[in-house]
Every structure is written in structure tokens, then in C-alpha cells.
Amino acid sequence: MIRVTREDFSVDEVIASIRSGGMGAIVTFLGTVRNKSKGRDVDRIEIQVYEEMAVKQLQAIREDAITRFGVEDVAIVHRYGSLGVSDNIMMIAVGAGHRPEAFEACRYVLETIKEKVPLWKKEFTPEGDYWIEGEEYERTE
Amino acid sequence: MIRVTREDFSVDEVIASIRSGGMGAIVTFLGTVRNKSKGRDVDRIEIQVYEEMAVKQLQAIREDAITRFGVEDVAIVHRYGSLGVSDNIMMIAVGAGHRPEAFEACRYVLETIKEKVPLWKKEFTPEGDYWIEGEEYERTE
Amino acid sequence: MNVNLKFFASFRLLTGKAGTELEVPEGTTTSDLLVMVRDMYEGFNEKTVLYAVNGEYVGKEVGLKEGDSIAFFPPVSGG
Amino acid sequence: MNVNLKFFASFRLLTGKAGTELEVPEGTTTSDLLVMVRDMYEGFNEKTVLYAVNGEYVGKEVGLKEGDSIAFFPPVSGG
Numbered sequence: 001m002i003r004v005t006r007e008d009f010s011v012d013e014v015i016a017s018i019r020s021g022g023m024g025a026i027v028t029f030l031g032t033v034r035n036k037s038k039g040r041d042v043d044r045i046e047i048q049v050y051e052e053m054a055v056k057q058l059q060a061i062r063e064d065a066i067t068r069f070g071v072e073d074v075a076i077v078h079r080y081g082s083l084g085v086s087d088n089i090m091m092i093a094v095g096a097g098h099r100p101e102a103f104e105a106c107r108y109v110l111e112t113i114k115e116k117v118p119l120w121k122k123e124f125t126p127e128g129d130y131w132i133e134g135e136e137y138e139r140t141e
Numbered sequence: 001m002i003r004v005t006r007e008d009f010s011v012d013e014v015i016a017s018i019r020s021g022g023m024g025a026i027v028t029f030l031g032t033v034r035n036k037s038k039g040r041d042v043d044r045i046e047i048q049v050y051e052e053m054a055v056k057q058l059q060a061i062r063e064d065a066i067t068r069f070g071v072e073d074v075a076i077v078h079r080y081g082s083l084g085v086s087d088n089i090m091m092i093a094v095g096a097g098h099r100p101e102a103f104e105a106c107r108y109v110l111e112t113i114k115e116k117v118p119l120w121k122k123e124f125t126p127e128g129d130y131w132i133e134g135e136e137y138e139r140t141e
Numbered sequence: 001m002n003v004n005l006k007f008f009a010s011f012r013l014l015t016g017k018a019g020t021e022l023e024v025p026e027g028t029t030t031s032d033l034l035v036m037v038r039d040m041y042e043g044f045n046e047k048t049v050l051y052a053v054n055g056e057y058v059g060k061e062v063g064l065k066e067g068d069s070i071a072f073f074p075p076v077s078g079g
Numbered sequence: 001m002n003v004n005l006k007f008f009a010s011f012r013l014l015t016g017k018a019g020t021e022l023e024v025p026e027g028t029t030t031s032d033l034l035v036m037v038r039d040m041y042e043g044f045n046e047k048t049v050l051y052a053v054n055g056e057y058v059g060k061e062v063g064l065k066e067g068d069s070i071a072f073f074p075p076v077s078g079g
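Residue numbers (the working numbering), protein chains in the order written: chain A, 1 to 141; chain B, 1 to 141; chain C, 1 to 79; chain D, 1 to 79.
Just so you know, not all the hints are guaranteed correct.
Computed list of lysine-lysine pairs in DSSO-like fashion (alpha-carbon distance at most 30 Å, straight line) [what the hints assert, rightly or not]: (1) C:Lys60 - A:Lys122; (2) B:Lys114 - B:Lys38; (3) A:Lys114 - C:Lys17; (4) A:Lys122 - A:Lys36; (5) B:Lys38 - B:Lys122; (6) A:Lys36 - A:Lys114; (7) D:Lys60 - B:Lys116; (8) A:Lys38 - A:Lys114; (9) A:Lys122 - C:Lys17; (10) D:Lys65 - D:Lys47; (11) A:Lys116 - C:Lys65; (12) C:Lys47 - A:Lys38; (13) C:Lys17 - C:Lys60; (14) D:Lys65 - B:Lys116; (15) C:Lys47 - A:Lys36; (16) D:Lys47 - D:Lys17; (17) A:Lys116 - C:Lys17.
Quick caveat, the hints were computed from the structure, so don't treat them as lab data.
Kindly generate the complete structure, drawing on both the sequences and the hints.
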């Protein structure tokens with residue numbers, strides 16, 4: 001399951017969408033809005049997405065991870081729009097026969113998303129708003 | 001939060017019990033009953049626990065992981081009793097500022113549980129019932 | 001021929017728009033287009049530019065055709 | 001003095017019980033008790049035995065006292 005959405009999601013529901021009898025291990029990564037970023041307080045964030053491309057990229061990453069690590073299934077949900085502190089940003093769920101490949105595939109999917117999928121975070125802080133570009137920051141106003 | 005219980009749990013609820021504004025990453029491991037084990041079909045499993053000791057051990061593992069990896073919080077829930085294929089067995093949720101320590105602490109907690117916490121699985125298969133001891137198997141009847 | 005440009009994140013701020021149509025010569029490649037865009041919009045030069053054609057990452061010398069959508073954006077930061 | 005023995009998993013099967021009370025000499029240590037238990041129950045010898053006193057893993061030469069609970073069990077397999 002791949003979903004790019006403004007809406008919040010339930011971790012239980014996303015896990016239910018992949019759960020099967022062949023799985024002994026389901027590793028989930030949940031990204032949430034942190035109240036600090038590089039020493040600045042964060043009030044909220046906005047996420048912009050190039051949606052058609054993001055969906056295609058996420059589908060390709062999912063298929064690659066399944067083949068590469070031999071896991072049973074992978075689900076990825078990523079939100080966009082305005083999010084407050086502690087809100088869910090995105091989640092990855094990887095179901096596998098055993099734990100090593102579930103952890104490895106989950107980490108791989110996350111790192112690949114951070115490198116390739118066209119989504120950008122803008123952080124709103126008391127000092128101004130910053131687009132985050134890769135690991136760099138740019139003041140936008 | 002540490003819980004040893006016969007009851008099922010909601011991953012969303014366990015995550016909610018640790019979620020805080022200092023977290024950007026919450027890594028969850030969910031163990032589920034797999035339909036195969038070492039080539040045998042598994043119909044169901046039973047988990048026996050030495051409950052007082054398991055709770056103490058889990059509390060110690062939680063505190064150790066928080067200190068060792070500098071993560072924000074850790075929750076562990078482990079079930080016992082009779083479980084069917086695909087049922088939840090246990091979960092670990094680790095919330096941290098950033099993803100590397102969340103993944104590392106989650107894996108560490110899992111491996112330490114598998115080494116130290118007094119819980120034992122018995123697998124019911126068409127060929128008989130087997131107590132699982134560490135990574136070994138013993139035919140029980 | 002006409003192609004569609006799309007801008008995201010800080011590039012939308014630099015260009016003042018989410019997208020625009022542009023007429024380019026037949027045979028224009030992705031790297032030719034990048035040169036044009038860097039000339040058209042101040043600030044592009046100092047930044048790392050990623051681009052995609054019709055939603056796929058492609059190489060530098062890929063030929064463009066009528067109606068292609070070319071997106072320009074900074075390094076991504078989802079996850 | 002009296003101590004309480006507890007057995008788990010396959011050790012419950014070997015001994016036919018979840019637990020029992022045992023009278024042991026003053027000064028008995030964990031390793032003394034392990035020798036006694038191995039003698040009392042057939043099958044203990046061939047197995048890896050873990051033990052805990054009052055719910056904590058302890059060393060081999062820990063002295064026992066009246067009322068202690070000593071648990072014997074195989075390598076754990078939770079998680």
C-alpha cells in the first residue's frame with residue numbers, strides 16, 4: 001500500500017493492510033513533528049509534495065525493497081500540508097518472516113525516501129520559516 | 001510503559017503512551033505468530049511467562065535502553081497464553097529525537113528480550129508440540 | 001515546441017510561480033533547458049538543482065519532446 | 001531451611017510440576033541447589049539450565065536463605 005495524503009492515519013490500520021501469516025516480524029517507522037530542529041523551536045511544519053512523482057517513486061521503492069530484502073510486504077504513507085508538533089508525518093511498515101530483514105528493509109526504505117522522493121518540509125519557528133533542503137536549511141522570508 | 005498480559009493491544013495506543021514533542025522518530029517492532037517454523041506448519045502457539053521476573057527484566061531493559069541510546073522513551077508489551085497465526089505476540093516502541101538511535105535501541109531491546117526475559121514459546125504443529133528453547137527446539141509429546 | 005516547467009519548495013519562491021509553459025527549440029535536452037532556466041531566474045545558480053521529466057529522474061542529455069513536464073526542485077527532505 | 005523451587009516450560013514437563021518446596025541445609029548456594037535438582041529430576045542433566053533467585057539472575061555461589069524462590073528454566077524464547 002502506497003498513500004500520499006493530507007489525512008492522518010492509524011498505524012494499526014496500515015499494519016492490517018499488510019499483515020499475513022508468513023510474517024513473524026513487522027517493523028514500523030513513524031516520523032513525527034519534533035518541537036526542535038537544529039536548536040530552533042518548531043511551531044509547526046508544512047510539507048509540499050510533487051504528488052504524481054512521489055507516488056511513482058514510493059511504488060518503485062516498495063517493489064525494490066521487497067525484492068532486495070525478500071520481505072513479504074511494505075506499506076508507505078506520507079502526509080503533506082500543515083502539521084503541528086507531535087503530529088504524524090509519515091510511516092513505513094515492513095512485514096517479513098524474520099526480524100533482520102524487516103529492520104534492514106525498513107531502514108533502507110526510509111533512507112531512500114529521504115534521498116529520492118519529491119517531498120519538502122518547511123519549518124515555522126519564532127525566528128522565521130525555513131525550507132529544508134536535504135540536510136541543509138534555507139531562510140525563506 | 002511495560003505490560004505483560006493475555007490481552008491483545010493496539011499499536012496506536014502503545015505509541016500514544018510514549019509520544020512526545022521531543023520525538024521525531026518512533027520505531028516499532030511487532031512480533032506476530034508466523035504460520036511456519038523451521039519448515040513445519042504452525043497451527044497456534046502458547047506462551048508461558050514467569051511474570052514477576054519478566055516485568056522486572058523488562059523494566060530494567062527499558063531503563064538501560066533509554067540511558068544507553070539517549071532515546072526519549074520505550075514501551076514494551078508482551079502477551080502470553082494461546083495465540084493463533086498472525087496474532088500479535090509482543091511489541092516494542094522506541095521514541096527518539098532522530099532515527100538512528102530509535103532503530104538501534106529498538107533492535108537492542110528486542111535482542112535483549114530474546115536473551116534474558118523469562119518467556120517461552122510452544123509451537124503446535126501437525127507433527128507435534130515443541131517448546132522453543134533459545135534457538136533450539138524440543139519435542140514435548 | 002512547448003514544454004511545461006514545474007517548480008517546488010524554495011524554487012517556487014525564487015521563480016514566484018508553481019509552473020509555466022516555455023517554448024524551446026526542437027532537440028532541446030535536459031541540460032540545455034537547465035541552462036535556460038538558470039538564465040531566466042535569479043538565484044538558481046547558487047543552488048543545487050534536481051530535475052525530473054514526466055515524474056522520473058533522468059540523465060543530462062535526454063531529449064525533450066512537445067508537452068513534456070519538467071520539474072525543478074531542491075534536494076528533497078521528506079521522511 | 002525451606003526454599004521454593006519453580007519450574008518453567010520444558011522443565012515443568014520434566015519435573016511434572018510448576019513448583020515445590022524443598023528443605024535444604026543452611027549455607028546452601030545456588031550451585032549446590034542445582035546439583036540437588038539435577039539429582040532429583042531425570043533429564044535435567046542433558047539440558048541447559050538457567051536459574052534465578054527471587055526473580056533476578058544471580059551467580060553460581062550465591063548463598064540462599066529461608067523462603068527464597070529459585071526458578072529453573074531453559075533458554076528463553078520470547079520476543
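- prompt: Among the hints numbered above, which are violated by the structure, and what are their numbers in rising order?
  reply: none
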